[in-house]
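Trainee: Sequence:
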Amino acid sequence: MSNPSEHPLFDDNPFFEEEAQPSEAEMLHDDNQLPDDDSLPDELDFVVESPTTLREAFEPTLVRASAGTGKTYQLTARLLKILLTGAPPETILATTFTRKAAGEILERVLITLGKAAIDPSEKAIAELRQQVGIEGLPRHVCGQLFHRLLSNIHRLRICTLDSLFSQLARALPFELDLPPGWRLTDEVEEIWLRQVAIGNLIESLQPAETETLISMLSRGDVKRNIARELIDVVENTYSLARQADVERWDQLKVPELPESADITRTSGMLRSADVPQKSLVKALESAADSLEIRDFGPLVEATLTKNIAKARLHGEEVKFGRSKFPPGLDPEFDLIYEVARHESLSLLRAQNQATGTLVDHYDTLIQLVKQAQRALAFDDIAVRLAGVFTQLDNHTLQDRLDASIDHLLLDEFQDTSPVQWQVLRLLAQSVTGESTDSSSNVLDPKRSKSFFCVGDTKQAIYGWRGGVAEIFDAVDKQIPGIISKQQDESYRSSSVVLDAVTDAFQHLPRHPMAEGTDPPNPADKATYEAKALKRFAKRFPKHTAARKLPGFVRFRTAELNLKPPADSDEKTKSKPSAADIQKGLLDDVAKQIAELHHQSPHLTIGVLTRTNSTVGALINRLEHLDVDVSAEGGNPLVDSVAVRWILSALMMCEHPGDGRWRLHIANSPLKFVLPLSDSDGKGEAADQLRARIEDQGLAKTILFLAKALMPHCDSRENVRLEQLIELATLYQHTADSRLRDFVELVHEKRVQRPRAAVVRVMTVHQSKGLEFDAVFLPEIHKALLGQSPQCLADIPEIGQPARGLSRSVGEAQWHFLPKRWQAVFGGSVAARLTEAMCLLYVAMTRARQGLYLVIPPAGKKDFNNKTAASLLYHAWKCEADPTAEGEVLFESGDADWFGDSKVESVDENKSEKEDVPTRRLSFV
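Position 476 of the sequence shown, counting from 1, maps to 476 under the UniProt record's numbering, and the rest follow consecutively.
You may find that some hints are simply not true.
[Said to hold, decoys possible] In silico lysine to aspartate or glutamate, EDC-like type, Cα no more than 16 angstroms apart, as pairs:
#, residue 1, residue 2
1, Lys583, Glu559
2, Lys100, Glu771
3, Lys563, Asp580
4, Lys253, Asp794
5, Lys477, Glu797
6, Lys877, Glu887
7, Lys542, Glu489
8, Lys485, Glu771
9, Lys485, Glu56
10, Lys591, Glu771
11, Lys861, Asp881
[Stated by the list, open to error] Distance ranges between label pairs, derived from CB positions:
#, residue 1, residue 2, range
12, Ala208, Pro675, 48 to 54 angstroms
13, Arg400, Gly899, 30 to 36 angstroms
14, Asp119, Asp695, 58 to 64 angstroms
Quick caveat, the hints were computed from the structure, so don't treat them as lab data. Keep in mind that this is a model prediction, so the values were computed, not measured. A virtual CB, placed ideally from N, CA and C, is assigned to each residue, including glycine.
Work the whole structure out from these sequences, hints included.
Mentor: Okay, structure coming up:
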């Protein structure tokens with residue numbers, strides 16, 4: 001193919017640049033330094049004979065590695081050890097979760113071997129010998145293995161789980177019932193396919209059936225947008241329920257409703273009860289009304305019903321506030337509770353049955369749509385593989401893959417979902433179930449097999465996409481003979497940071513939330529929160545530092561500087577709104593970041609947020625403070641005003657009769673290149689632009705519009721315009737596709753800035769695997785637990801399908817649930833709280849030396865709310881006033897840690913900053 005810069009599309013495009021320089025691993029492959037492939041023997045002329053080394057290379061191992069302790073180092077060491085014992089490269093499979101991590105593992109292997117082969121100082125070979133535990137490893141063997149790997153790089157499988165599952169799917173197309181020529185979808189197409197399937201579902205139902213289904217799904221509530229309600233249910237339940245049959249939705253037993261005569265008698269008894277207090281009379285009259293007219297709904301949430309449940313739990317008499325009911329009403333109270341329980345569980349069961357019917361029908365329709373489009377998502381592949389792997393033997397799999405997987409290495413194992421583990425478990429059991437005879441003292445590397453996985457349950461922060469921390473416990477139970485190792489010495493962080501982290505998490509039970517209920521109430525989420533908090537603290541190991549680095553930790557309230565209106569006095573002065581507090585907090589955080597950055601411009605600073613909206617708000621503030629800042633993971637290009645102008649121009653072409661789009665761009669710089677004045681025809685601009693698209697194509701049209709806007713934009717806006725041009729170039733626009741499809745793609749696709757700045761703002765999830773000299777955490781004051789999931793599953797064992805499924809109900813109705821389902825609902829609360837602790841742990845351990853936690857002033861001095869900030873306040877035994885502005889609540893270490901002589905230089909991001917074309921895109 002000719003040089004891409006000569007392509008006609010780029011004839012007048014000034015933004016195309018040449019590709020980046022070769023990597024360090026590629027430069028190491030120099031025939032002047034290492035022997036030619038032809039001169040290499042068929043096998044390495046070195047044999048590992050040490051039984052200890054061989055055993056360590058092949059014994060099934062589970063490494064629980066805390067943050068910064070070298071997970072990738074350990075996995076690379078194991079991989080090198082297996083290769084150096086003579087195992088063929090094609091028998092090894094190493095998986096991780098991102099292409100960046102997979103590339104890093106491969107690069108580390110090659111660079112480690114290459115440097116050991118050519119470094120004249122003996123330092124590299126000595127480090128490799130220590131890493132793999134082979135003292136007499138010859139230098140030339142490293143060169144031999146380096147060349148052999150490069151020559152057979154296609155046979156060494158180091159890949160992401162998604163890539164592995166795609167390979168497995170292509171090897172098993174008939175077993176998985178894949179359509180010919182199938183392909184993988186992206187997130188934009190998935191949304192479109194879901195909408196098509198929901199549309200087909202609505203069309204397949206009669207109006208009466210649709211009305212009944214919606215009523216049951218929403219427990220009788222009226223919904224105006226049927227399609228939106230169905231999509232909402234599908235989005236929140238389908239992924240969890242798709243491996244279960246529809247009967248799993250009908251596992252809730254509903255008690256019988258008391259006899260009608262008993263209900264009528266009870267209503268009369270309540271009305272005739274002799275009670276003096278008006279509040280008691282009103283409560284009994286209300287209950288009697290509900291019973292008499294058979295409208296049981298109000299009883300479900302009634303305070304009287306809750307008090308009856310509480311009294312029965314503790315063996316006490318029923319109260320209403322501080323007032324006591326007269327004796328003799330216990331039978332009536334029992335009937336009220338039975339009626340309310342029947343009503344609550346009947347509605348939940350109907351909702352579950354409707355959801356099961358919907359999900360089952362949707363599953364059939366979405367599969368038909370995807371088969372017709374020959375398009376599948378990664379989740380579809382994983383589910384199909386999980387179903388097939390339960391019936392697949394290892395020999396069949398090896399035949400289809402044309403290779404034997406004898407060594408399985410899993411990275412970041414805590415992020416593995418149960419569905420993925422169902423597939424990986426077969427591979428893991430195949431390499432551990434046929435191990436070498438333990439009675440023999442000799443291990444044959446060519447016949448031995450091994451299993452190795454590494455991860456950290458404290459960093460399990462992807463529950464929203466299926467990851468569960470309990471997966472580690474499943475490995476211990478389901479893989480025979482596995483050895484578990486703990487790794488808590490950090491090579492990243494200062495001891496000051498690590499001591500603060502250890503102190504915080506080991507003392508979580510100091511928070512009042514750890515007290516729970518007394519006695520424990522299985523229908524109260526406080527019971528499960530307390531248990532989860534204590535469990536996390538008990539299991540949390542002490543972290544130690546491998547290096548001596550100065551460090552600093554500061555936990556303080558922000559200076560909001562919120563001034564009341566000039567005409568207000570003490571009586572009329574109102575509390576600041578949440579928006580005002582957030583604005584003041586972000587202003588103060590941005591000021592602190594800018595101050596640190598301008599004092600030490602060489603520092604890498606990570607600003608970790610909970611939400612994407614905060615990322616954009618902080619970037620805007622930092623840019624106004626002259627801070628060179630970028631967003632990790634990227635944002636959709638619609639964060640640019642200029643990009644939104646171009647999208648409005650495209651939507652004007654799509655809907656010329658909708659004047660909103662023309663109005664949006666009428667006063668933009670596009671008015672100089674399009675007929676947008678009042679004297680021009682209303683549809684003239686749309687017609688002209690549509691003709692240009694038909695004549696020159698979408699990419700060149702966007703280039704034309706972008707060039708008209710660039711002289712009026714700053715550098716940041718111009719970068720986003722360049723990236724829009726690139727996205728349009730990559731987009732496959734056809735005669736059948738709509739401009740709206742491209743506009744939706746721009747709204748959904750996240751695009752990174754082409755160069756990472758030293759100050760980077762991102763969500764905590766995006767910071768996973770990164771590290772910074774200093775970290776700022778501005779959102780730890782937000783609630784630990786978000787909204788409850790819409791669907792819950794009763795899963796007896798990780799890796800097994802659900803034995804029961806249910807829609808969620810509010811905590812106020814948990815006491816109606818059978819104990820089995822109380823445990824399921826409570827377990828969900830405990831899991832979500834544990835994930836919140838993991839999220840806080842990940843955020844704090846991204847810091848090498850400086851950790852800055854900033855919160856708005858608390859509302860009360862006891863600071864007992866359920867937030868990460870409150871947990872830290874109590875765990876660190878802070879005594880300062882949390883309601884005061886600018887108050888330091890906790891501080892440890894040297895505040896002047898960032899002096900030039902005190903910060904250790906780390907070239908972690910060097911490759912990201914240099915040799916990157918200004919227009920190159922990175923999609924997330």
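Trainee: Under the constraints set out in the numbered hints, which ones does this structure not fulfil?
Mentor: Failing hints, ascending: 8, 10 and 13.
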